[in-house]
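A.B. asks: For reference, the chains in residue letters:
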Amino acid sequence: SQTIHQWPATLVQPVGSPLSLECTVEGTSNPNLYWYRQAAGRGLQLLFYSVGIGQISSEVPQNLSASRPQDRQFILSSKKLLLSDSGFYLCAWSVGNSNQPQHFGDGTRLSIL
Amino acid sequence: AQSVTQPDIHITVSEGASLELRCNYSYGATPYLFWYVQSPGQGLQLLLKYFSGDTLVQGIKGFEAEFKRSQSSFNLRKPSVHWSDAAEYFCAVASNNDMRFGAGTRLTVKP
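Chains A and B, in that order, give the protein sequences.
Under my numbering, the first residue of the first sequence carries the number 1197, and numbering increases by one thereafter.
Under my numbering, the first residue of the second sequence carries the number 25, and numbering increases by one thereafter.
The hints are simulated quantities; they were obtained by calculation from the structure and are not laboratory data.
Remember, predicted model here, so these are calculated numbers, not experimental data.
Note that beta-carbon positions come from the ideal geometry of N, C-alpha and C, so glycine has one too.
Any given hint could be a false lead.
Just a sample of chain B residues kept apart from chain A, beta carbon distances all over 12 Å, derived [unchecked claim]: (1) 35; (2) 66; (3) 69; (4) 73; (5) 99; (6) 101; (7) 106; (8) 108; (9) 115.
Pair ranges (Cβ atoms, derived) [to be verified]: (10) B:69 x A:1203: 16 to 26 Å; (11) B:121 x A:1225: 18 to 28 Å; (12) B:53 x A:1210: 38 to 48 Å; (13) A:1265 x B:104: 30 to 40 Å; (14) A:1225 x B:35: 39 to 49 Å.
Generate the whole structure from the sequences, applying the supplied hints.
C.D. replies: In structure tokens form, the structure reads like this:
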């Protein structure tokens, strides 16, 4: 069966520090991968999605970037965190196109001090 | 523009009572429809989906949803709510490789 792992589960970082959140999927090949941010009391904002290794589409211009160095690995990064980067970050995968159900990891709670 | 609306931010129901969570969408083409549930501090879990066929779909945990094309709605229902159903519920709509999520409805269950 397929599984998705996100880590860390919780992260507290100072303003201006770098960021690296990792997401890996097991049990499937060539998945579509997604990064979302969920602000408190709000829905999901799609940040990046990827249909293959090295292929990244950005939905919202911002302080973050994403990379897909391997088929089932998706990394969310920042060189210098802002206070506004605080939130709950979710990784998801789907088989096929973005019309298909997405399956989510347990998320990373990021707090910027 | 494509959009998904969940009109109720927060709903409180008593345990054992019935539940209906509303979802309306605005899409040009026939969309694919989903409901997800999120427990605090966790990711989203797929409850059910509608692609085509029977407009009443059954999901996990005793949930069902009905697609009504004339009303552009995909409301989630459960006949008898359990305390463990307290969570945030998200409707999602996809069309042309574009999936959008509603802002969510938080469900509180009273004993």
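A.B. asks: Give me the numbers of the hints this structure contradicts, sorted from smallest to largest.
C.D. replies: Structure breaks hints 2, 3, 4, 9, 13.
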